[in-house]
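J.: Put together the whole structure using the sequences plus the hints.
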Amino acid sequence: MQDKNTIAEFNAATLDLVNQIIKRYPQGRQKSALLPVLHIAQAENNGWLSADTMDYVASLLGIQPIEVYEVASFYSMFNLQPVGNCVIEVCQTGPCWLNGAEQLLAHFEKRLGIKPGETTPDGKFTLKTVECLAACGNAPVIQVGTEYHEKLTTLKADELLDKWTAENKNSHTNPYL
Amino acid sequence: MAKQILLKNIEVPGLAGFDVYRRLGGYSAVEKALKGYTPDQVTDEVKKSGLKGRGGAGFPAGMKWSFIDKKSDNPRYFVCNFDESEPGTFKDRHIGQLNPHQLIEGMILGSYALGANAAYIYIRGELFYVLNIIEKAINEAYKNGFLGENILGSGYSLNLYCHPGAGAYICGEETALLESLEGKRGNPRIKPPFPAIVGLYGCPTVVNNVETIAALPWIVNNGGEAYAAIGTGASTGTKLISACGHINKPGIYEIELGLPVEEFIYSDEYCGGIRNGNSLKAVVAGGSSVPILPADLILKTAKGEPRLMSYESLAEGGFQTGTMLGSGGFIVMDHTTCIVKNLLTFARFYRHESCGQCSPCREGTGWMEKILMRIEGGQGTMKDINLLTDIAKNIEGNTICPLGDAAAWPVASAIRHFREEFEEHVKLQKCPF
Ligand SMILES: Cc1cc2nc3c(=O)[nH]c(=O)nc-3n(C[C@H](O)[C@H](O)[C@H](O)COP(=O)(O)O)c2cc1C
Ligand code: FES
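Chains as they are written, first to last, in my numbering: chain A, 10 to 186; chain B, 588 to 1020.
One or more of the hints may lead you astray.
Derived PhoX-like pairs (lysine-lysine); straight-line CA-CA distance at most 25 Å [unchecked claim]: (1) B:K635 <-> B:K619; (2) B:K657 <-> B:K635; (3) A:K124 <-> B:K595; (4) A:K119 <-> A:K160; (5) A:K32 <-> B:K730; (6) B:K595 <-> B:K657; (7) B:K836 <-> B:K590; (8) B:K980 <-> B:K970; (9) B:K836 <-> A:K160; (10) A:K119 <-> B:K928; (11) B:K595 <-> B:K635; (12) A:K119 <-> A:K165; (13) A:K119 <-> A:K137; (14) B:K622 <-> B:K730; (15) B:K771 <-> A:K32; (16) A:K133 <-> A:K119; (17) B:K778 <-> B:K658; (18) B:K723 <-> B:K595; (19) A:K137 <-> B:K957; (20) A:K172 <-> A:K137; (21) B:K622 <-> B:K635; (22) B:K1014 <-> B:K957; (23) A:K178 <-> A:K160; (24) A:K119 <-> A:K172; (25) B:K928 <-> B:K1014; (26) A:K32 <-> B:K723; (27) B:K590 <-> B:K657; (28) A:K137 <-> B:K928; (29) B:K619 <-> B:K730; (30) B:K771 <-> A:K40; (31) B:K928 <-> A:K160; (32) B:K836 <-> B:K595; (33) B:K928 <-> A:K124; (34) A:K124 <-> A:K137; (35) B:K778 <-> A:K40; (36) B:K928 <-> B:K890; (37) A:K165 <-> B:K836; (38) B:K970 <-> B:K1017.
Hint data in this document are derived by calculation from the structure and do not stem from the laboratory.
T.: Structural data, given as structure tokens:
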């Protein structure tokens, strides 16, 4: 698990993307770019937003750090604590529950030896529960980074876990790419 | 046979690409409107169509457009609500992923009608992969002259952008969405003023749902009257229903409004009946927020008439014996389902998603979740059941935005129709399922 801030600042290509995003909003409204830029910053900082990362984003957008903190703490996709390399988010809302989400979550807990909100000691996996992912027709559903895995069975979950373990899966990729 | 307006070509391979969409007649509505119609004429067609907002509230789209403040010197904005977060609803993703140009074409038509030169598609952050598909399609539309400066030589210019959310159901509420688009917490605004007067950046703005916008090309091509001829008269056109739960064929279906609910659930063309030959217990017909109905009341109204998939028929009987079409998120439960446990997942959802501005919603949603946990866990009392009804009543109507109502209605309706099941949990001191 990384608890250090790994980005001093974005590289040139990422800065270019950020500047393109800022231009989508009217002059003087660059604060509008906050959510997209936080998504990028979180991906570059191993999946979480440290205070340093948020301060850097504030400086890029010319806003106060507090304006970033209050937003980052509002939205459930932003992690304010370090997470594992691969974050597994299991949907637990009604339609997924009707189709076995509880058993699926229990299976992940057992396989990983952790509870929702926890990270494996080797820092490889974090387990999270999330609310409806708008894929209820293919319940149960999980999200890993920008990937959806739908109609999941415990068998398929095992296959995925084996694969992710073998390849040392990192779910924190720039979502725009 | 369902009228295929929204999903007509959805299975054509490569539809997400400009060339295939165009070959199938795509962007002809933009050509027609920009060359032959004034903006007000486009609005008139939409008014004539009777198209109602498909995001949940069902407000007539043409009427909403006509509220836009044309006297203001400020720029105007058209915003697409692609937050799609109401549990049970998964129809907008289908359009965005497989037919993004249909949404873009609708965005151009709406923006032109409203006199907007900039438009945003606000899409929930979890669906980033769909955002990327739409952005690719937007780039193609620019390259082919359907976006940007002086579209088709008409003198009309439009820039269209995608904007990701970051995990917050409340940002589906249109004023919270605008706050979020401005880079703030998703706290709903007090209305009035309505967005048509004071919206994005304080400017006149219209927010519409993905499905509402995706219907616009057909309406412009075929005329508002042709659209209004489909459906029941009060509910015009077609609606996407995302069906899930204990049915044989979960999925997204385009229905002509007015289809009997029974046919929708049991016909092989749609849900294909209840899984494993089980019997139907209950349905939440329009996304988690609308009142749950037991099998007898979803199939027939209290008057004994067949219940239809339309705004007016689903609402027949008010909240005593009816429900709402809502977003079209159709959640089916068979006889093995514990109504209390299902409700508990909804209660947890609303507690998690309350923005916290209004005390009745912030506190009440948490209390309802705790009490339901107690009942489901076997520690509930009979008094708890009345307490739940009481809390729901005290949230309803007492909050800035309707999230409070959305949290209260499922609780109130589950107790109204399934009270014995709550009592059984209390008597047995455990969940009977
Ligand atoms: C808590 C809450 C959540 C909502 N979520 C959505 C949503 O995810 N998508 C949507 O289109 N409308 C949603 N709405 C409705 C919007 O406020 C608004 O009515 C709608 O976007 C207008 O578009 P329409 O008229 O085309 O339906 C929500 C409303 C509330 C109160
Ligand atoms: S309830 Fe899990 S995706 Fe909707």
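J.: Going through the earlier hints one by one, which of them does the structure break, listed in rising order?
T.: Per hint list: 3, 6, 27 and 36 violated.
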